[in-house]
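Everything in the sequence shown is counted per UniProt numbering, starting at 1 for the first residue and increasing by one.
None of these hints come from the bench; they were simulated from the model.
Keep in mind that the hints are not guaranteed to be accurate.
Using C-beta positions, here's what the derived DEER-type ranges look like [as the list claims (entries may be wrong)]:
1) G160 x S24: 27 to 37 Å
2) P26 x F173: 30 to 40 Å
3) G90 x P54: 35 to 45 Å
4) S63 x H159: 40 to 50 Å
5) H159 x A31: 35 to 45 Å
6) F173 x T129: 33 to 43 Å
We treat Cβ as the ideally placed atom computed from N, Cα and C, and that holds for glycine.
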Amino acid sequence: MTQTQTEPTAGLVSPERTRTFSWSDPRRNAAELGRLSGLELLHAMARGELPAPPVMHLLGMDSVQAEEGRVVVTMRAQEFHYNPLGGVHGGILATLLDTAAACAVHSTLPAGVGYTSLDLTTKFLRPVTVDSGLLRCEGTVLSRGRRTALAQAQLTDAHGRLLAHATSSCLIFDL
């Protein structure tokens with residue numbers, strides 16, 4: 001990923017910033033869904049044996065750590081995440097929360113079984129800016145049945161303060 005940022009000028013309008021990133025073909029990971037369990041797939045991505053999904057590059061997510069029923073995703077709050085009010089857009093935070101909660105469910109699934117998020121209920125508790133530093137989002141499975149799972153995710157800043165919380169229901173299905 002390449003980012004260019006210049007210092008603001010004395011006027012009201014600062015120079016444009018640019019951001020360029022690249023990603024690998026997402027079909028490579030999809031091909032592994034029938035062969036690897038969810039936890040094996042997440043571990044392979046964490047070790048760099050499989051590429052991270054494009055959304056991680058798009059948002060600038062840094063890392064994924066996984067164990068059965070629990071996933072931690074990190075991301076540094078960046079200026080390109082900002083909304084017009086000068087803070088990280090809630091949709092970016094919701095995507096981070098959804099990723100952690102849904103991947104926690106994924107970590108419990110055997111090979112040949114998939115999932116999709118049915119809903120995401122999000123509560124934003126504090127504003128998030130570049131000063132929030134490294135964001136840490138931990139997703140955990142609260143309950144998993146044969147066809148549905150309930151997970152939660154908590155987003156904290158570099159100082160450990162709770163920024164947002166979400167719950168998610170996921171549909172589980174055979175691939």
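For which of the previously enumerated hints does the structure constitute a violation, in increasing order of number?
2, 3 and 4
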